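Student: Just so we're aligned, residue 7 is where the sequence shown starts under the working numbering, counting upward by one.
Source of the hints: derived by calculation from the structure; they are not laboratory data.
Here the structure is a predicted model, which is why all the values come from computation and not from measurement.
Do not take every clue at face value.
Below, a list of computed lysine-lysine pairs in the DSS-like style, where the Cα atoms sit at most 30 Å apart [to be verified]:
| no. | residue 1 | residue 2 |
| --- | --- | --- |
| 1 | K194 | K165 |
| 2 | K219 | K165 |
| 3 | K165 | K191 |
| 4 | K165 | K142 |
| 5 | K236 | K219 |
| 6 | K219 | K194 |
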Amino acid sequence: MYFSLVTIVSLLLFLSFLVILFSKSKKQINLPPGPWTLPFIGSLHHLIGTGLLHRTLRNLAQRNGGVMYLQRGEISVVIISSPTIAKELLTTHDLAFSDRPPSMSTNIIFYNNKDIAFYPCVIITGNKCSFGAIRKDEISNPVSSIRYMRGSPINITEKIFWFTNSVTCSAALGKMFKDRDEFIKLLKDIFILVSGFNVADLFPFLEWYRIHKKVDEIMEDILKEHLENKGNGDQFGGEDLVDVLLRVMEENLQSQTTI
7 MYFSLVTIVS LLLFLSFLVI LFSKSKKQIN LPPGPWTLPF IGSLHHLIGT
57 GLLHRTLRNL AQRNGGVMYL QRGEISVVII SSPTIAKELL TTHDLAFSDR
107 PPSMSTNIIF YNNKDIAFYP CVIITGNKCS FGAIRKDEIS NPVSSIRYMR
157 GSPINITEKI FWFTNSVTCS AALGKMFKDR DEFIKLLKDI FILVSGFNVA
207 DLFPFLEWYR IHKKVDEIME DILKEHLENK GNGDQFGGED LVDVLLRVME
257 ENLQSQTTI
């Protein structure tokens with residue numbers, strides 16, 4: 007037991023030495039300041055077991071500045087906490103920073119990151135529709151629910167979550183979407199898996215595959231409903247995002263056939 011412990015410690019020290027030696031031999035990059043790192047895990051020890059992630063990042067930014075470099079294992083991350091710099095990135099250089107970083111979970115759930123949220127920035131030209139009427143219709147549901155529950159505790163976060171996702175579903179998938187409630191519950195599970203820092207992102211878990219299978223089933227139903235509606239002369243009326251994407255796909259196929 008003593009020999010094996012000494013061997014393990016010696017091996018870890020040797021590997022740490024190799025990592026340090028290799029990192030020094032690499033081309034020096036002018037990186038933003040950040041907290042000190044450890045071999046293999048990088049900055050993870052600053053993030054684990056420290057409470058809410060956004061507060062931890064705020065505390066680290068107060069010591070390291072508005073542009074901060076973190077290393078999550080082998081993944082390099084730059085944290086922007088300065089409002090001035092954030093505005094510059096999101097307005098002046100918005101196209102350069104519009105893409106979302108891929109991860110193992112999004113890769114599994116969203117078809118190798120080919121969904122509309124994680125796909126590289128795509129701008130569809132053509133008719134733009136206003137979603138004001140949809141928001142006006144959807145807001146009546148949470149307002150009625152809050153009025154009905156007056157005098158009782160209300161989870162405002164839950165109400166806002168359901169309202170925003172109901173608006174998104176109506177605008178993107180149409181009012182004929184019959185699996186809306188189930189889909190919104192599924193979205194909540196997805197948000198938990200793909201948002202914030204997740205150590206499990208390094209390992210493919212069965213939960214991701216279960217959610218992917220469920221998302222795939224719902225997406226198939228959505229496409230089937232829209233194609234049937236189109237074949238019936240658009241009896242539901244109005245064009246949602248799925249209709250637009252199907253139309254763009256059909257136009258591209260026609261142009262390729264013509265060529």
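Student: Of the numbered hints stated earlier in the document, which are not met by this structure?
Tutor: Hints that this structure does not satisfy do not exist here, as all of them hold.
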